[in-house]
Amino acid sequence: MDPYNYLYLAALLFTIGAVGVVVRRNAIVVFMCIELMLNAGNLTLVTFSRINGNLNGQVVAFFTMVVAACEVVVGLAIIVAIYRSRRSASIDDASLLKR
Amino acid sequence: MGTFTSPILNYAMLAPILVVLAGAVVGVLIEAFAPRKSRASSQLALSVFTLVIALAALVRTRGTYSSKAAMNSVTFDGAGYLLQMAILIIAIIAILLLADSDKFAAAPTAAPGSDEEREAQAANIRITEVYPLTLFAIAGMLLFTVASDLITLFVALEVLSLPLYLMAGLARRRRLASQEAALKYFLLGAFASAFFLFGVAYLYGYSNSITFSGIAAAITGGTANDVFLLVGISFVSVGLLFKVSAVPFHSWSPDVYQGSPTAVTAFMAAATKVAAFGAMLRIFYVAFAGDVWQWRPMLTAIALITMVFGSLVAISQRDVKRMLAYSSIAHAGFLLSGVIALNKSGLDATIFYLFAYGVATVGAFAIVSLINDSSGEVTDLNRWAGLGKRSPWIAIAFSFLLLAFAGIPLTSGFVGKFSIFSAAYESGNTAILITGVLSSAIAAFFYIRVVVLMFFKDPVEDGTSVVIPSIYTRITILVSLAITLILGVFPAPVLDYISQTAFFLR
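Here the protein sequences line up with chains A and B, keeping their order. By numbering that gives the first Met the number 0, the letter at position 30 of the first sequence is numbered 29, and the numbering carries on one by one without gaps. By numbering that gives the first Met the number 0, the letter at position 370 of the second sequence is numbered 369, and the numbering carries on one by one without gaps.
Examples of chain A residues lying across from chain B (beta carbon under 7 Å, computed):
id : residue
1  : F13
2  : V29
3  : M36
4  : L44
5  : F47
6  : V59
7  : E70
8  : V73
9  : I77
10 : A80
11 : I81
12 : S84
13 : L95
14 : L96
If you're looking for bench data, these hints aren't it; they were derived computationally from the structure. Note that beta-carbon positions come from the ideal geometry of N, C-alpha and C, so glycine has one too.
Start from the sequences and build out the full structure, keeping to the hints where you can.
In structure tokens:
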């Protein structure tokens with residue numbers, strides 16, 4: 000199978016994620032969309048690793064997974080803290096800082 | 000399969016980063032084991048000590064830099080040395096601001112107004128986790144400026160960002176706004192780093208290499224698929240432009256600057272800018288230099304919009320922290336013109352400007368943290384009226400720093416602006432030069448308006464007062480004023496030193 004198809008798939012996933020971040024209003028869902036974008040990046044890396052015939056891309060993908068895990072820790076901590084104080088995880092409610 | 004060769008790490012060069020990381024880990028251990036009473040003082044002492052040792056370790060590498068370490072994933076050269084030094088100096092003066100720990104929430108995880116929070120406040124609990132978080136962020140920044148492959152760059156970006164997201168949410172007063180700042184900073188930051196990662200993947204696909212030199216070689220070779228390169232450059236640029244808050248990726252910065260505790264804003268505004276522009280200089284000067292005709296028009300447009308937008312929108316701001324945020328957006332535009340220049344004088348000027356701007360920023364936010372009423376900091380500009388009559392020294396110091404931002408002669412800002420615009424002129428970019436000078440003039444208007452407000456308006460009696468600065472805050476303000484003045488009056492030694500030292504090892 001042509002590995003380029005995986006590039007198209009990854010680009011599609013990335014776009015779905017990016018559109019989700021812009022459109023969705025729940026912080027958790029927005030966050031999941033960002034994770035989807037990161038995973039699209041990973042799929043691209045692994046595909047290029049296959050196309051280019053070396054392992055660098057796979058190594059980057061491993062680092063990305065660790066970084067994504069750290070991001071989950073920090074992100075959920077912030078979202079839970081804000082949920083506790085507002086009883087809502089909607090990012091539209093968080094608008095104190097507008098002029 | 001080849002045999003495993005153990006990596007050569009070159010510890011002497013990595014020492015500043017490793018020292019800061021070790022300090023951060025010890026700080027975490029202090030949080031876990033030291034009695035609560037002694038934590039604040041021991042954390043502050045540890046952090047300052049760590050940063051001074053790291054600075055000493057950095058100075059020790061003087062003369063021996065220009066080598067690659069950790070299997071070519073980190074490059075030590077003159078520019079990296081200067082940028083790391085700027086970050087460490089800014090970090091030392093900014094971390095002293097954290098010592099006023101009544102600015103931080105007693106129990107950041109408790110809901111605002113809950114019993115848990117009241118108990119923590121009654122017990123006079125002071126949060127000290129902010130010190131190790133700051134040290135982790137500093138280590139990430141130090142690594143970000145010297146990273147010369149895409150993995151290290153990405154990991155350093157996250158190491159510097161993740162602690163900052165948390166620190167933004169730690170304010171003691173106006174907790175909801177502070178948490179909101181943390182949420183916005185986090186979601187938009189993670190969004191930008193997803194773009195960055197996608198760009199990294201395409202750069203790897205283009206060049207079959209993850210090192211900057213490999214990408215540069217692939218661009219010179221010119222046989223690979225150019226679409227991959229363009230996607231890679233634009234997506235990586237989005238990630239970096241977000242960090243420096245260039246328009247149109249700036250929307251987080253006014254909210255985050257306003258919502259974060261002022262001490263955190265000071266550190267973040269100054270040090271992140273140095274680190275992000277450092278990485279940007281390196282990646283554009285080393286990896287993408289061969290493709291300059293493709294990216295220069297795009298970056299020029301962004302720089303022009305950033306300068307004009309930042310200066311214009313700052314005029315209408317009524318909040319001093321938001322005003323400084325828009326001013327930092329305008330400054331990001333000026334700094335971008337140094338990146339676009341892509342010549343030696345552009346590099347020198349950008350490094351000088353970053354240092355001068357960073358130091359002045361820390362000082363300005365330190366002064367903002369002093370203007371208080373009974374419920375916390377007063378950032379509404381109308382209530383700053385007549386400050387010059389009430390506490391002339393503070394008002395004079397703040398005016399001086401504002402004049403430095405505006406680029407008035409005898410301040411570091413003038414020298415920085417002059418050298419960065421002459422670098423832009425040298426590279427033949429007159430559009431940048433003209434727009435830059437015009438938007439500096441617009442920017443001068445709102446800085447001087449604040450000066451007029453402080454000195455020529457009558458004070459309003461509404462409980463706004465200037466707190467007596469603690470010894471640490473006083474040191475921060477004085478050092479920042481001194482550096483701003485010295486760089487403005489006698490810039491020659493520093494400029495000469497930068498121009499002798501700054502270079503990128505390719």
